[in-house]
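S.K.: Spelled out from the first residue to the last, the chains are:
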Amino acid sequence: MIAQMGFGVLAVTFLVTLYSVFAAIYGEYSKSPALVESARRAMLLTWPLLTITAGILIYLLITNHFEVQFVYEVTSRSMPTYLKVTAWWGGQAGSLLFWSWLMSAFASIVTLRRWDRDREFLPWVIVVACVTMAFFIGMNLFFENPFAQIYQTFDGIKAYTFQPANSILYTAPDGRGLNPLLRHPGMIIHPPMLYLGFVSFVIPYAFAMAALITGRTDDRWIRITRRWTLWAWLFLSCGLVLGSRWAYDVLGWGGFWGWDPVEIAALMPWLTGTAFLHSVMIQEKRGLFKHWNLLLIILTYDLVIFGTFLTRSGVLSSVHAFAQSAIGPFFFTFIGVTLITSVALIIHRWGTLRSETEMTSLLSREALFLLNNLIFISVLIVCFWGVIYPLISELFTEQKVTVGPPFYERATGPLFAVLLFLMGIAPLSAWGNSTMKTLGRALWKPTLLAVFITVLIFFTYSRDPYALVGFFLIAFTILLTLYEYGRGILARMRGQNENFFTAFWNLTGRNRRRYGGYIVHLSIMLMAIGILGIELFQVETQGTIGIGDSLQLSGYTIKYKDVASWDNLPAGVNYTRAVVEVYDKDGRLLGNLHPRKDYYYDSQQPMTIPGQLASLKDEVYVLLIDWEPINQTGTTFKIFVNPLVNWMWLGSLLFLVGIVVAAWPDKDPELVPARVEKRLPQTSAAD
Amino acid sequence: MLKQFLRNTEYALLALLFLIGLATPVIAQRSTPTDDDVNRVAKQLYCPVCQNTPLDVCPTEACRGWREEIRTMLAQGKSDQEIKDYFVNYYGARVLNEPPNRLVTYLVPAVAILLGAIMLFRGFQLWIKPTGTGSASAESPAPPVQQDEYIARLEEELKKRK
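Chains as they are written, first to last, in the numbering used here: chain A, 138 to 824; chain B, 30 to 191.
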């Protein structure tokens, strides 16, 4: 009964979004502000409606309504309540609903802003937001109903939206339980973060479309959505980082990024989003590349849809899975239609999107940004190709293939190297024009120092050529960024008579986008150190040893002390925990580690929790692979030493700080009209 | 000029991509197989039944069986390549961590990037052409370049310091 109510509310929400779309379009064409206002209010209604739907689903989840298929699939009696709530996004049907719910929240926030000067955008923003929402709600209504109930008929037990004739409701005694991998705290926060990022990119897209449809194609849409884009990027980046950390902590293969299609699906909109973030600056400062920015946000939007679809369905694994899934063709039709419509709009407005100025210098910042965009798109092409190649191969040659890390690493490695280099020099070049001379003057000291550091690394750490190139680029870019930051601080210390910390604080505060960006660049460099470390220097060993024996790896001795196994019946888990001691090469005890193997009875799946001994130099990562209780021959451990990996996590934290600095709301930017800002550049420069 | 520069950059990137694509690790082989030997081979293979799971980390019973098979073959003195061929023979090319047809794998994205870049720069050339009558440029002259002044001020300050 309650489940049907949920379905009913969802159906009503679907109709409301459709009404909103039609009212907005009709209102705009019939010049009826009342109708547009009605569309706006209809859109505002979707959030409370979807909140009710979600509330019903959560109620069903926490009260063990196993007659509902979704509840049966993702929960079980032994799961604690908070996990039952987060099981909401633990399956496809629920995560689609979660998507719609977030979308409606964001759409509502946008609709509540002051629209005085942007009235003409309003109906079209509503249309784009509501079409997107209607699509996702439609998916839930027609294909992936989270409220479908399980009925027993003559044909067997199956889930139906409506009760079929001659059937009785079937309630399983217990649910199957959430996949144990998804019970980890990282996995509880990671999907919402990713989805927040995904959904918030819809807003800039909606404004871009509104600008194209209305013909108001100046950079107003960019100015309105600038901060949205930054927050979207923050969430998406957060989602990616949390996902990596989760993989590192629970997947038990010693790394955090395996170039799995699901990971790539989340990376692709990040790539175009990052390119967009940079290239809109060219349009704001120089009025160049307007077509390009629109194209980037359109790509980002469609990759977001593509990513949402890929993350949960796994259909790209084979042509057959794709053909069998009900939602596959619909997703692709939606992506196709939105892509074609959007690009057609750009072509329609081609003339009004002309650049306002010329590109004058190859070393100007806009030229370097252009190169940056090109590289991001190249990485995207590599990723996209890797993801769809197995499908194409199967389709044309009937040969199933796997595209694994070697392809991605080889193809994107050089591209990322170029990006690192650009990250170093681009902030030094000026808008409009730069010459070799001005650039060279800023470059030579940091370059010399970077060479010195690389030579030092050659003699003390590694002679691997890839590593040396990588470390040189990292050192080069860190030094240049610090140099650029330091120049600003020094100027303030001189000019305003401030001490170092005040100067640092004020400088960052007065030009947060610029210096937030620098912090982000620095953090990427720290992450690059971690990535280089694990990619190039990771070592591993595996062995079966008895208690008291030890394994050696990379100067460390790992001594097996003890093992115990016990049941936690209320939680439905069996734990097996080993105790190992880690010694360095001088025989000093560094610490005890407790690698674990948790076995979940409800889902019948094991989970491998590593024991980690972390430092900035490296990390000893011990996995308990195998343990036979009857035959006491020994226990199998797999040990990784992951050099420098913790710079990755350190960098991630700094990364978040950087984006928050850049995206933090100004007092009231909406009160300053854009044109005045343009005419009075002194206000920001004089600060 | 600009076109030439960017095109050259593209060629260089492409060449780099190829060079790196050709680098293949060469691994020696031993007679008494340890877990590490087994993992070395298993790492280059994917689980034939699970999606996107490398064979060396796959926890299923089936994969454990396949790893034992690798161990047996290593003990028989088979080379890594022979073992890989054996698996491909039985389970198809999908057990390899890379598609067998390397040329297609690397060429298609390289060509796509190249074509995209050429199209892009053709496009940019058109847009970069001064329009004169363009509505936007007629209304507002080129937006003042804040950063230049900012940097100029910085330079000024720094000169004073010296």
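Any given hint could be a false lead.
To be verified - Straight-line Cα separation of at most 25 Å, DSS-like style, residue types lysine-lysine; simulated pairs:
id	chain 1	residue 1	chain 2	residue 2
1	B	Lys107	B	Lys72
2	A	Lys537	A	Lys574
3	A	Lys754	A	Lys696
4	A	Lys537	B	Lys113
5	A	Lys698	B	Lys113
6	B	Lys72	B	Lys113
Unchecked claim - Going by beta-carbon spacing under 8 Å, a handful of chain A positions derived as facing chain B:
id	residue
7	Phe159
8	Trp390
9	Pro398
10	Leu511
11	Ile514
12	Trp522
13	Pro542
14	Ala548
15	Thr678
16	Gln679
17	Gly680
18	Gly683
19	Ile684
20	Pro743
None of these hints come from the bench; they were simulated from the model.
Cβ atoms here follow ideal geometry from the backbone N, Cα and C, with glycine treated the same way.
S.K.: It remains to establish, for every hint, whether it holds in the given structure.
M.R.: Each hint tested on the structure:
no.	hint	verdict
1	B/Lys107 with B/Lys72	holds, 17 Å
2	A/Lys537 with A/Lys574	violated, 54 Å
3	A/Lys754 with A/Lys696	holds, 21 Å
4	A/Lys537 with B/Lys113	holds, 16 Å
5	A/Lys698 with B/Lys113	violated, 37 Å
6	B/Lys72 with B/Lys113	holds, 11 Å
7	Phe159	violated, 33 Å
8	Trp390	holds, 4 Å
9	Pro398	holds, 7 Å
10	Leu511	holds, 6 Å
11	Ile514	holds, 7 Å
12	Trp522	holds, 4 Å
13	Pro542	holds, 7 Å
14	Ala548	holds, 6 Å
15	Thr678	holds, 5 Å
16	Gln679	holds, 4 Å
17	Gly680	holds, 6 Å
18	Gly683	violated, 15 Å
19	Ile684	violated, 18 Å
20	Pro743	holds, 6 Å
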